[in-house]
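Novice: Sequence:
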Amino acid sequence: MNSTTILGIASDPGYATREVDTVSIPWGDARKHRQLLTTATGRDVALALPRGTFLSEGDVVADDGTTIVVVTRPPEDAVVVDFADNTGTDAVRRALILGYVLGNQHAPLDVSVDRMRTPLMTGPETAEQMLRDLHLVGRVDRVPLAARGWTNTSADHHHSHDHAHAHAHAHYHSHGHGHGHAH
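Residue numbers for the sequence shown follow UniProt numbering, beginning at 1 and rising by one.
Treat the hints as calculated values from the structure; they're not laboratory data. Be aware that a few hints might be false.
Here are the simulated distance ranges between beta carbons [stated by the list, open to error]:
no.: 1; residue 1: D44; residue 2: G88; range: 51 to 57 Å
no.: 2; residue 1: P26; residue 2: S112; range: 17 to 23 Å
no.: 3; residue 1: D29; residue 2: G123; range: 19 to 25 Å
no.: 4; residue 1: V92; residue 2: D64; range: 23 to 29 Å
no.: 5; residue 1: P26; residue 2: N104; range: 41 to 47 Å
no.: 6; residue 1: E128; residue 2: T17; range: 45 to 51 Å
no.: 7; residue 1: S24; residue 2: D64; range: 16 to 22 Å
no.: 8; residue 1: R93; residue 2: M121; range: 20 to 26 Å
no.: 9; residue 1: Q35; residue 2: S11; range: 43 to 49 Å
no.: 10; residue 1: D12; residue 2: H106; range: 18 to 24 Å
no.: 11; residue 1: G103; residue 2: S11; range: 30 to 36 Å
no.: 12; residue 1: A84; residue 2: A16; range: 21 to 27 Å
no.: 13; residue 1: T66; residue 2: N104; range: 48 to 54 Å
no.: 14; residue 1: D90; residue 2: S24; range: 35 to 41 Å
Built from N, CA and C at the ideal position, the CB exists for glycine as well.
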């Protein structure tokens with residue numbers, strides 16, 4: 001099978017009667033616009049997507065009329081910090097310092113309403129020590145990363161999505177000329 005575009009997302013009603021085959025794409029490969037993949041059932045899928053495409057969890061990359069091929073994210077080693085576990089008068093300060101440290105490493109961040117996840121870019125012991133030093137409750141765990149893309153960081157700055165489905169979000173950045181703006 002060949003794929004030149006993301007056709008939609010698996011939850012789209014038009015795919016409700018289709019069989020589902022999956023292809024596991026780790027976060028580091030989600031931006032590769034040309035790659036040969038093998039699905040869970042052994043089908044080969046050749047991707048030739050537009051540059052800048054980010055493959056998200058649930059994206060449909062192929063449809064033969066009977067079966068759709070859907071992107072899944074495998075669990076990967078990560079540092080996970082649940083916000084509810086980090087309370088107190090200086091919780092925000094500690095989280096900001098963690099953000100500063102990770103930003104200096106150009107680590108991509110996956111931030112949701114209740115947690116932050118980032119790929120493990122050091123040894124587990126080093127990451128756990130960093131959390132202890134910052135007095136943050138967190139853990140090294142195996143979790144899917146960047147299911148819908150990264151939170152906007154210098155490690156993964158992007159504006160457009162070449163998906164057949166819509167994404168709406170604002171992000172803020174500076175172009176280095178004294179002021180920033182939102183998109």
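Novice: None of the hints should be skipped; say for each whether it holds.
Specialist: Hints, one by one, checked against the model:
no. : hint                   : result
1   : D44 / G88: 51 to 57 Å  : holds, 52 Å
2   : P26 / S112: 17 to 23 Å : holds, 19 Å
3   : D29 / G123: 19 to 25 Å : holds, 23 Å
4   : V92 / D64: 23 to 29 Å  : violated, 50 Å
5   : P26 / N104: 41 to 47 Å : violated, 24 Å
6   : E128 / T17: 45 to 51 Å : holds, 47 Å
7   : S24 / D64: 16 to 22 Å  : holds, 19 Å
8   : R93 / M121: 20 to 26 Å : holds, 23 Å
9   : Q35 / S11: 43 to 49 Å  : violated, 24 Å
10  : D12 / H106: 18 to 24 Å : violated, 35 Å
11  : G103 / S11: 30 to 36 Å : holds, 33 Å
12  : A84 / A16: 21 to 27 Å  : violated, 35 Å
13  : T66 / N104: 48 to 54 Å : holds, 49 Å
14  : D90 / S24: 35 to 41 Å  : holds, 40 Å
Checked against the numbered hints above, the structure breaks hints 4, 5, 9, 10, 12 and satisfies the rest.
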